[in-house]
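Student: Put chain W on the given structure of chain L with help from the hints.
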Amino acid sequence: MDYSEIEILFAEDSMDDAALTIRALKKGGLTNKLHHVIDGAEALDFLYCKGAYTDRNINHPLKLIMLDLKMPKVSGWEVLEKVKGDPLLKSIPVVILTSSKEDPDIKKCYELGANSYIVKPVGSDNFFQAIKALSFYWMISNQPPHHL
Amino acid sequence: MKRLEKYIPLLFLTLCCFLIAIAVYISITLKEFEKTSAELETTYTLINLNNGLLSDVLSIEASVGEFLLVGDDSFLKPYYTSIADIYKRLVAFEKLARSGEERSIIDNFKKLLQAREISTGKVISRHQRNILSIQDEIAFSYIGKRLSEKMKSTVQKINGTELSLLQQRKLANNSSANKFRIIIIILLITIFNIILIAIIIINIQRQKRHLTAELEKSNNLFSSIFENNPASIAISRISDNVILKANNSFIQLMDCSSNDEIIGKSAHDLNMVLESNDADEVAKKIRENHFSENQETLIKTKKGKTKCTSTSVIYFDIDNDPCLFSVSIDITATKNAEEKLMAANRELEAFSYSVSHDLRAPLRAINGYTSILIEDYNTVLDAEGVGYLQSMLKSSKMMGNLIDDLLAFSRLGRTDVPLAEINMNTVVKTVIEEQLNNNTEKYAIKIHELPSIIGQTVLIKQVWVNLISNAIKYSQHKTDSKIEIGSTKKDGLTIFYVKDNGVGFDMQYYNKLFGVFQRLHSKEEFEGTGIGLAIVQKAINRHNGTVWAESKLNEGTTFFFSIPISNNKTI
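First to last, the sequence lines map onto chains L and W. Counted from 1, the first sequence has number 7 at position 7 by the working numbering; the numbering is strictly sequential. Counted from 1, the second sequence has number 528 at position 528 by the working numbering; the numbering is strictly sequential.
FYI, nobody ran anything at the bench for these hints, they're computed from the structure. Mixed in with the good hints there might be a few duds.
[Said to hold, decoys possible] The list that follows gives simulated cross-link-like pairs (lysine-lysine, BS3-like), each with its CA atoms no further than 25 Å apart:
1) W:K265 to W:K300
2) W:K489 to W:K478
3) W:K473 to W:K394
4) W:K340 to W:K300
5) W:K300 to L:K27
6) L:K73 to L:K84
7) W:K482 to W:K552
8) W:K394 to L:K132
9) L:K108 to L:K90
10) W:K300 to W:K245
11) W:K300 to L:K26
12) W:K170 to W:K111
13) L:K27 to W:K397
14) L:K70 to W:K397
15) L:K50 to L:K107
16) W:K6 to W:K88
17) W:K397 to L:K132
The following block holds chain L by itself, in its conformation from the complex (with noise of 0.2 Å):
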């Protein structure tokens, strides 16, 4: 699989949210630049072609990483820990996405450094809105250091 053109990676382990995701992307034009995972260690994975993903170019960057915080197996913190923790990695921003408002999360994932928080919300057109809106920010106006 060519994984070339991949500069989203979005980890989230409900089929739901990633499918309502997915579609709001899709709508700005964004659904071939993303690459959908459906849990932390899968992400990890990927980030450092491994298992499935041994065929991916480590050197290709990625722009943005989405990542849910509940998800089995490796969990977002986890996820995000080790991305903040890694030379090569760091700086690629980090945004998360859940559905906890409590307050303890927003800390802790600033703490481990996440460039940006966002609460999934229920109403459908906020939701869609906030996932557009985040990802052309990143994506578009938001220059990553490596590329300057």
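Tutor: Same frame as chain L, but now just chain W:
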């Protein structure tokens, strides 16, 4: 009084000495008085003797004259008697004579008397022998008269001396009597003072006994308070940390059985102090402020148990020795309960998080897919179908809000949320719009002007949601549903009310109205979980208010809730 007390023995001693001095003086004065009186007596006697002598001299002269005139011997009898008398008197006189002058006067008198005797003896014998011539008689009369004159003048001289002496002694006696009177007065004053001091001393003693008794009573009271105090009290000396005194509660706290195991030992000996991070800070605080309050301290008891105490320490001196007075309350049980509560809270937080995450995900899916249907498949459905999809969207959104609100509500019980001024008019308007869901024509809703309150927005909104949705729900079957919302002010409270003309309820079930999962109607009649009014009550109680209701079956219900006007940041 105390200063006076110090001088009382000295004063008493001084008065006693004074009394002795007065006694000595009186005895001296009395002796002098006795002497003066005796002398006075002598003077009187001497004057009497003198007067006797004078009358005797006169009687001698008279009897000798009569004898010479008449010549009868019987006339001589008074003469002899007088002579004998004179001698007797002279003897008495000699005994009493006090000066050489008096004695020489007496000697002189004796000589004169003897001369008189001799001359009289000669005349009497010549007269008896009838050889007394006229010349003799004249010569004799002359000599006799001269002698008598001399004797008289002697007697008068003595009399004069004695009388002047008498005068002097009388004066002396009078002055003695005066002095004596003054002394007696001084004596009386002194005795009076001694009695007064004695009374004062007795009083002081009595007061002292009374004070001692009071002191003992107070001492008993305080030692009883100390010994039986439920708080654990210990007094320790700072210099060597040795515990000087400890009460029963302290002994129990340390798991000891008697005082001996604690008194005289230091905290170090007892191995009771556990390392504490803020020990130095507490020690500094005690040194600077001389007290420290409700310091949580961990201690180790004799049995090796660790206990947590809330300890207050006061720094004070006992006999210039700096000491610490510590009062401890065993809060181990409270501390354990607190930890359990914190664990329960953490669990509850995890539960809330899970609920928030897990319940919202399916809702988001329902909502998302519904909106996809509206967006992409609206041509397949007719207007009614699209309307249903719109309602689905709205309901799922509302449920999402409700979940958020309920989670916020459960969090509010645990965390302090800042209070805000709530515009009740806006809140009520929003709630009614949400609840009626465009069904405005069926209900005649009258809203009076409502005052703003200080409170927690989420809670107050929930109260209105529950009360207004109840009013709508229970009056939905009426043809002319009327709902009235208003407020009054009374006794520092703002009372809000929601009145409907719905089905109402029987007041005999009133006690079940605000209970959790308590319902007065079947689910078939009216839907609901039976938690709404319980939430209302909890929310209003958190605002220091109360909630109540009045109802009549088939006529309607009015719900009231009060919020104190003075509500501030203490909720």
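Student: Indicate, hint by hint, whether the structure satisfies it.
Tutor: Structure-based check of each hint:
1. In summary, the hint linking K265 (chain W) to K300 (chain W) is supported, as the alpha carbons are separated by about 15 Å, within the 25 Å threshold.
2. Distance hint between K489 (chain W) and K478 (chain W) is unfulfilled; the C-alpha atoms sit about 31 Å from each other, more than 25 Å.
3. Our distance criterion of 25 Å between C-alpha atoms is met by K473 (chain W) and K394 (chain W), whose separation comes to about 19 Å.
4. Proximity of K340 (chain W) to K300 (chain W) is assessed by CA-CA distance (about 22 Å); at most 25 Å being required, the pair is judged to hold.
5. Under the criterion of a C-alpha separation no larger than 25 Å, the hint pairing K300 (chain W) with K27 (chain L) is inconsistent with the structure, at around 69 Å.
6. For the hint pairing K73 (chain L) with K84 (chain L), the CA-to-CA distance comes to about 19 Å; that is within 25 Å, so the pair holds.
7. Between K482 (chain W) and K552 (chain W) the alpha-carbon distance is near 15 Å, which keeps this suggested pair within the 25 Å criterion.
8. With a C-alpha separation of about 22 Å, the suggested pairing of K394 (chain W) with K132 (chain L) holds against the 25 Å cut-off.
9. Distance hint between K108 (chain L) and K90 (chain L) is fulfilled; the C-alpha atoms sit about 17 Å from each other, no more than 25 Å.
10. The hinted pair formed by K300 (chain W) and K245 (chain W) meets the criterion: a straight-line CA distance of about 19 Å does not exceed 25 Å.
11. Among the hinted pairs, K300 (chain W) with K26 (chain L) is inconsistent with the structure: their alpha-carbon atoms are about 68 Å apart, more than 25 Å.
12. Between K170 (chain W) and K111 (chain W) the CA atoms are separated by roughly 33 Å; this puts the pair beyond 25 Å, and the hint is violated.
13. With a CA separation close to 23 Å, the supplied pair K27 (chain L) and K397 (chain W) stays within the 25 Å bound.
14. Proposed proximity of K70 (chain L) and K397 (chain W) is supported: the alpha carbons are some 22 Å apart, at most 25 Å.
15. For the hint pairing K50 (chain L) with K107 (chain L), the CA-to-CA distance comes to about 31 Å; that exceeds 25 Å, so the pair is violated.
16. Straight-line distance between C-alpha atoms of K6 (chain W) and K88 (chain W) comes to about 71 Å, which puts the hinted pair past the 25 Å bound.
17. At most 25 Å may separate the alpha-carbon atoms for a hinted pair to count; K397 (chain W) and K132 (chain L) meet this at roughly 20 Å.
Consistency with the previously given hints fails for numbers 2, 5, 11, 12, 15, 16, ordered from lowest to highest.
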